[in-house]
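Peer 1: Going down the list, the sequences are from chains A and W.
Its first residue numbered 0, the first sequence is counted upward by one per residue in numbering that gives the first Met the number 0.
Its first residue numbered 0, the second sequence is counted upward by one per residue in numbering that gives the first Met the number 0.
Keep in mind that a hint or two might mislead.
[Said to hold, decoys possible] Simulated restraints on C-beta separations:
#	chain 1	residue 1	chain 2	residue 2	range
1	A	His28	W	Phe84	27 to 33 angstroms
2	W	Phe84	A	Lys515	48 to 54 angstroms
3	A	Tyr287	W	Asp63	42 to 48 angstroms
4	W	Leu100	A	Pro455	45 to 51 angstroms
5	A	His28	W	Asn66	55 to 61 angstroms
6	W	Trp17	A	Asp208	46 to 52 angstroms
7	W	Trp17	A	Gln304	35 to 41 angstroms
8	W	Gln73	A	His28	39 to 45 angstroms
9	W	Pro70	A	Ile414	56 to 62 angstroms
10	A	Trp71	W	Ile4	28 to 34 angstroms
11	A	Leu546	W	Gln73	26 to 32 angstroms
Keep in mind that the hints were calculated from the coordinates and are not lab data.
This one's a predicted model, so the numbers in the text were calculated from it and none came from an experiment.
Yeah, the Cβ is synthetic: ideal placement off N, Cα and C, and Gly gets one too.
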Amino acid sequence: MSAMNQMIVLPILLPLLTAALMLMLGEKHRQLKARLNLLSSTLGLGIAVTLLLWVRNQGAAESIGVYLPGNWPAPFGIVLVLDHLSALMLTLTGVIGVSALLFARARWANAGASFHALFQVQLMGLYGAFLTADLFNLFVFFEVLLAASYGLLLHGSGRARVRAGLHYIAINLFASSLFLIGAAMLYGVTGTLNMADLALKIPLVPEADRGLLHAGAAILAMAFLAKAGIWPLNFWLVPAYASASAPVAALFAIMTKVGFYATLRLWTLLFSGQAGASAHFGGQWLIYGGLATLAVAAVSILAAQRLERMAALSILVSAGTLLAAIGFGQPILTGSALFYLVSSTLALSALFLLAELIERSRSANEQPLYEEEDALPSPLESLHPPKGINLDDQQKVVVGQIIPWTMAFLGLSFIACALLIIGMPPLSGFIGKLGLISALFNPLGLGVEPEQPLSPAGWTLATLLILSGMASLIAFGRVGIQRFWKPEERPSPVLRRYECLPIVILLGLCLILSVKAEPLLRYTQDTAASLQTPERYINAVLSSRPLPGPTTQNAEVQP
Amino acid sequence: MEEVIAVAIGVLAASGVWLILRPRTYQVIMGLCLLSYGVNLFIFSMGSLFIGKEPIIKDGVPQDLLNYTDPLPQALVLTAIVISFAMTALFLVVMLASRGLTGTDHVDGRERDE
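Here chain W stands alone, though its shape is the one from the complex (with noise of 0.2 angstroms):
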């Protein structure tokens, strides 16, 4: 399973880098979408990978990361996803208003032969 998740935070963050690289505003929301994807997955295997297992402690198991799986990567998995959707749709606002202020969706606001 690891390398699956490996493979699959590389491929997301590697496709990202590509495209914030890319010169429209299109291609550079859609690779830091890509990015915090890949951001999350990473945090959320930084608790370590189990199958099966719980973060919240039932009655009769004993209490230890044999048994559970580490609750506080997900807390934090949680509050990244939410901070980078609302960081995403304010950047979608400027990248409107940029589009409508200088007529091109090149990210600096003009294209290069110009």
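Isolated chain A (complex conformation) (with noise of 0.2 angstroms):
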């Protein structure tokens, strides 16, 4: 147990040294870099896998970890926190960070300066960020982890990056002044930042001064919100994701669950059933804008033709199925939430990849779509060849034709993807929506008749589940026709082995979770189980004692 409380600092130290020891090599050594960063990534991810385990395996009791490191007692001191959650989104950063960096490995790594120092330093701050429990340390962490995402996302430099970059940072930096608004009014009314104190200041501010803290606390929101790409604070998200480079836009597919998380974690605190007067405050907020986010991407998704530009879209439409979920505040559908959130993500980000691999084999013969807003999506008759024309290339038989490995691979892959996202059996998403629509439907398990019959929104949140996954197979299905089935001479690519390898772990992930998704729907379901009931973090934070230094122990041996 203490061990293993000593072990929660390791995922924020140990990219914090690796990235000042790149820094110190200098603009040489990339190789070394690369090796480094690979070795540090996987290590963490071994680290975070080694929490998740140990959180599993504990009681639900002793699940919560807890680190002081300043060793100050609790409401006092920054305190990292260790639980069902955090250890989730842990995993799952460190699965996409290290299948990120493979395909980065490739190309990507060498197109700019200090790509694996400010990959680090963006892993450190999405660990940081899910690992603190102090509102101004999130802040911090939130920085950390932007800035790192401005110098990450202009990697690769070029027009329409820096463009979208311009107005990303000038977003964010927007965002983050309302989040220090918001966290200066909580502590204003509540007089502290711990969050595990906020929650049981909560019950007792004073009448006259709730309004203050509900207005604070909405401030505050408007900046996690904008970060998980609500509507309508998300038009920076998708020129932002769709021009970053490949393996940039894969780990952004973390970022926006971070803001997913960041409202998680403090809604349920801050204003779970035990709150009193601010009891499930703004959860209606939640599931409408979840919903119009849902309605609005599901629309766009059909409107777009390049692939990165869909994989933006389905971010959203996964932003607003999450949101809209959890504002319902009901535990069987948070848990699986969750476990959409983590299929969602690892699809989306072995989509940005397999994204870039399938343009590359366009991008020989063909415009690259700059001014992707004027342009509307082609018809599907335009691909009907002339009649009387071989499509062969070498005007040979058609029948027979052998089909290079690439595209072979690249379509596979696409097809997984697509079913992943849309959320069709046999894969996992189809797992994730079928819990989400079930949970609407029997909010007290399976068998059991719930209290009252489905509200208009739930009516809403499961017909626009099946909506969107619709629009998303309508589009999916056109561009896997143009890219994979038109009629036109285009080279296969060329794919490097370190470029499949991250697509082949993320899909394998999701595979594995088709086949066997028991273990990991128990657990988000812990996990949604942990959150309805905040006494237990609240109790692990505030006890947790400093541990004795050399002086003091010295002073408590001789009194």
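Could you use the hints to bring the two separately framed chains together as a complex?
Peer 2: Structure follows, in structure tokens:
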């Protein structure tokens, strides 16, 4: 237990030290830095998995690990807390980090300066944001991960990236200001920034200050929701993600989930059922905001032409689904949403990597689509070849032609990604969506009659889930036909081993999740249950005692 | 004193928001600067405003908030200043890169009627 508690700080320290080492190495030693990066990321993933297993194997009461970085008792010093939710997010970050890095090793890592150091700083910010239990510390880690993401987004340079980067940075600087205002207001009302302490103080806030408290929480939520990609705060997301280089976009697939995580964590802690007059404050906003995001993203995905853009819009679909699902505040629904989160994040990350490989074969003989906004989807009739033309390159008989393995690999991976994102059987996307819909109709579990019929918002979510899947099906079907079946001469792309490996890993994990969904589902249900009862979290944080130092120990020995 | 601080924060934030909505990158960066000044003052005022009270404990003065001002907001402001300063500097670099690549200082990288 004690050794495990000490391990909680490692996911933050390891990337920080690695990044510092890389900056000292300078612009030379690229190979060395790439190996170092891979080693450190893999080690980070190993630590995350160890922490995850530890949390899972503990009983529910002991499953919360607390680390006091400054060795100050809880409400006064910064606290790092590891529980079910943060361990899950850490592991997801680790997996996606390693995959993105493997992909970047083939080409992208050499496209600009300091890629590896920025990558490590980004990981540090992500790990820190998932671990911290202090509001202002959360702000600092948000800024760390954003600062690294600004650099990574611009990695590779180019007009489209700089333009999207400019908007991305401006929006995020503005959102950071909102974060500070919200945090300051919460501090002004409650006098604390520790999340567990905040949760204790909020029921005691006098009636006169409650409006101020709610205003502060709402402003804070704006900052998180802008990062999570809720409509109408998400117009920055699609251009930024679509123009980022492939490994960076794959890593960014977890970035919107940071906003989602912060919303979920703070909302379940601060406005839990025990929060008195503030219980479940803002839940309706989450539901309707999520539904609007889902609807708008589903319509936009029909109009998207480039695969990167479709992937970015799919991120919005998944963000909308998640936000609406947690807004109901039902543990089973939240558990299913977390399963959906894991499956969709892995699939989206793989899709971003895949998109670049697929578009690479196209860019050889076609104009790249820079001004995507102005272009309308081309009708599929234009794909019909003129009559009497043999589609084969050498005018051979078409039957029995050998498909090059790269095209076969890309095609199969594309189908797998599409199935996962649409939510069609047999892959884990289907299990995620089925879980969500089933939890909507049976909020108390299968076989137990729900106390009241499904609300209109619940019906809307179930309908939109199915409709958005259909919109994705149409969009992915169209793009698949255009990219893989379109009759025209195109060289099949040259793929490197490092580029195929991460896609295989990510999709393989989804495949494992489809076959062996139960352990993860059980885990996410435990997570949701522990989010439902924040007392354990609060007790674990506030009852943690600082370790005695050498001098205090001596003082105790000789009284 | 509360009124003066409130008016100052209000003016800074309002001009900041207005400038952020302008089409030129220089205006946007000035807007972000003004907004972060306003936010810093706001955090500072959240520790309640006093004249002639220190945030550091002195011998012989009772240790309560009647005799001292809250030190935490001041520490928070310090962090916030450093971070917003660094981010603004980074934004400036991206702004210059955008100016160099697109040849215009419009935030969209092209004039509206192009």
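Peer 1: Next, verify each hint and record whether it holds.
Peer 2: Status of the hints after comparison with the structure:
| no. | hint | verdict |
| --- | --- | --- |
| 1 | A:His28 - W:Phe84: 27 to 33 angstroms | holds, 31 angstroms |
| 2 | W:Phe84 - A:Lys515: 48 to 54 angstroms | holds, 49 angstroms |
| 3 | A:Tyr287 - W:Asp63: 42 to 48 angstroms | holds, 46 angstroms |
| 4 | W:Leu100 - A:Pro455: 45 to 51 angstroms | holds, 49 angstroms |
| 5 | A:His28 - W:Asn66: 55 to 61 angstroms | holds, 57 angstroms |
| 6 | W:Trp17 - A:Asp208: 46 to 52 angstroms | violated, 30 angstroms |
| 7 | W:Trp17 - A:Gln304: 35 to 41 angstroms | holds, 36 angstroms |
| 8 | W:Gln73 - A:His28: 39 to 45 angstroms | holds, 42 angstroms |
| 9 | W:Pro70 - A:Ile414: 56 to 62 angstroms | holds, 59 angstroms |
| 10 | A:Trp71 - W:Ile4: 28 to 34 angstroms | holds, 31 angstroms |
| 11 | A:Leu546 - W:Gln73: 26 to 32 angstroms | holds, 29 angstroms |
In terms of the numbered hints stated before, the structure departs from hint 6 and from no other.
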